[in-house]
Amino acid sequence: MNIDGIQNGYVIDHIHAGKAMLIYHYLGLDRLDCSVAIIKNAKSQRMGRKDIIKIDELIPIDLEILGYIDPHVTVNIIRDGERIDKKHLALPERVVNVIRCKNPRCITQIEQDIEHVFVLADRDKGTYRCLYCEVAHRNEEKP
Amino acid sequence: MRHMLDITDWSIEEINALMDQADEIIARPDDYADAMRRKKLASLFYEPSTRTRLSFEAAMIELGGHVLGFSDAGSSSASKGESVSDTVRTVGCYADIIAMRHPKEGAPTVAAQFSPVPVINAGDGGHNHPTQTLADLLTIRREKGRVDRLVVGMCGDLQFGRTVHSLMSAMSRYPEVSFVLISPEELKIPGYLRESMRRQGVPLMEVEKLEDVIPALDILYMTRVQRERFFNEADYVRLKDSYILDPDKMTLARKDLTVLHPLPRVNEISHAVDNDPRACYFKQVLNGKYMRMALILKLLEATK
Ligand SMILES: [Zn+2]
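These protein sequence lines map, in sequence, to chains A and F.
For my numbering, count along the first sequence from 1 and bump the result up by 2.
For my numbering, count along the second sequence from 1 and bump the result up by 11.
Since the hints were made in silico from the structure, they are not lab data.
Heads up, the beta-carbon is just placed ideally off N, CA and C, and yes, glycines get one too.
Hints are all accurate, no fakes.
Estimated spans, in silico, between C-beta atoms of each pair:
| hint | chain 1 | residue 1 | chain 2 | residue 2 | range |
| --- | --- | --- | --- | --- | --- |
| 1 | A | L34 | F | K199 | 43 to 53 Å |
| 2 | A | L24 | F | R62 | 42 to 52 Å |
| 3 | F | R240 | A | L34 | 49 to 59 Å |
Below, a list of computed lysine to any residue pairs in the SDA-like style, where the Cα atoms sit at most 25 Å apart:
| hint | chain 1 | residue 1 | chain 2 | residue 2 |
| --- | --- | --- | --- | --- |
| 4 | A | K104 | F | S207 |
| 5 | A | K104 | F | R240 |
| 6 | F | K199 | A | T129 |
| 7 | A | K127 | F | E206 |
| 8 | A | K127 | A | E95 |
| 9 | A | K104 | F | S96 |
| 10 | A | K104 | F | Q124 |
| 11 | A | K104 | F | P201 |
| 12 | F | K50 | F | C104 |
| 13 | A | K127 | F | S183 |
| 14 | A | K104 | F | P114 |
| 15 | A | K127 | F | L215 |
| 16 | A | K88 | A | I41 |
| 17 | A | K104 | F | T19 |
| 18 | A | K21 | A | I41 |
| 19 | F | K199 | A | A138 |
| 20 | F | K251 | F | R235 |
| 21 | A | K104 | F | G137 |
| 22 | A | K104 | F | L204 |
| 23 | F | K50 | F | Y105 |
| 24 | F | K199 | A | D124 |
| 25 | F | K199 | A | V137 |
With the Cβ distance kept under 8 Å, some of the chain F side facing chain A (calculated, not the full set):
| hint | residue |
| --- | --- |
| 26 | K115 |
| 27 | A118 |
| 28 | G137 |
Given the sequences, and given the hints that come with them, work out the whole structure.
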């Protein structure tokens with residue numbers, strides 16, 4: 003794959019077409035000083051179309067959030083212009099403070115200062131349930 | 012530290028042990044009269060539920076303990092906006108165990124995260140009510156001598172009835188239990204529960220009328236069907252009598268049927284059924300107290 007321009011950083015590949023901006027937002031990439039490239043609708047043999055994000059710095063990346071937003075992405079770690087590692091992601095068992103429960107009867111609607119925790123209930127369907135009220139968070143609403 | 016938040020957090024071995032403990036208390040109540048001497052139960056009821064609160068309080072008193080707490084949010088710190096987490100950290104300084112009733116779903120789970128003492132969920136909105144399920148299970152075991160190999164009829168509002176969902180989740184873990192679900196089309200069990208039963212291979216049969224299936228049942232668990240829940244008046248008129256248990260339907264049932272109801276009832280079981288020896292819903296109330304005693308003992312023994 004093409005890692006041109008990146009010396010030390012990441013190439014986040016195989017992003018579901020259209021989700022790059024969501025990942026940009028959730029990883030806080032807007033707050034970085036280094037160069038970040040977003041490639042939208044790149045051609046992919048496997049996926050038809052995909053998005054790619056390149057980050058020119060080895061910042062800490064929350065792979066759990068990334069896996070939650072899109073479990074099919076691969077993260078290539080680049081050091082001195084070479085790919086030194088490639089991580090395949092999966093849906094995390096828990097996501098904390100990423101999504102909020104929409105159930106109006108849930109305690110998280112009124113209790114201040116608690117973590118908003120969702121637990122993976124069905125890996126095949128990608129269903130998460132609120133730790134407190136167990137109401138499912140539907141995937142199309144995510145995050 | 013152990014809590015009782017959701018019945019499915021406890022294994023069937025642990026639930027069986029609680030039932031053994033309850034049987035033991037019933038057989039020898041005097042042996043337990045001082046078991047919780049100088050211990051205090053805080054009953055934190057953010058909404059009124061007199062039956063459940065009295066059951067917890069009676070359970071603690073019969074173990075020789077004491078009770079403190081509040082019986083509705085208006086008389087508590089909650090009305091001044093105190094969080095659940097602060098309330099339980101405060102109450103945990105005085106009490107040895109907490110029973111919490113709350114209109115918001117998951118409130119006892121929040122409480123358990125912050126409480127220095129064990130928390131029992133005494134009902135959280137439409138979500139869980141595990142001590143009701145413990146009462147149901149003990150009644151079934153005492154009446155039938157077992158919790159497995161039973162045909163269990165669930166009748167009424169199966170969509171919103173948390174006691175139905177919880178009892179099904181608990182009983183589906185015992186071998187050879189099958190369910191006959193009796194409800195109008197619009198009040199069938201939720202999809203996630205049907206899916207969970209399917210995954211466990213638990214046989215389900217869904218019908219509209221109680222009279223069609225009552226002869227096959229070992230257990231009949233009645234719940235109320237509210238008129239407002241029907242989509243149309245025609246269905247309501249056609250079906251309403253199917254969800255009322257009366258002496259005529261009881262003549263179709265087995266001689267050893269066990270009829271349960273989480274109470275309070277409105278009109279779904281006619282009073283003429285009350286004297287039938289198969290009507291066990293008041294025994295269920297009593298068994299609820301014994302299971303709460305067993306649970307308090309278990310949770311406080313675990314913290315020693
Ligand atoms: Zn929730």
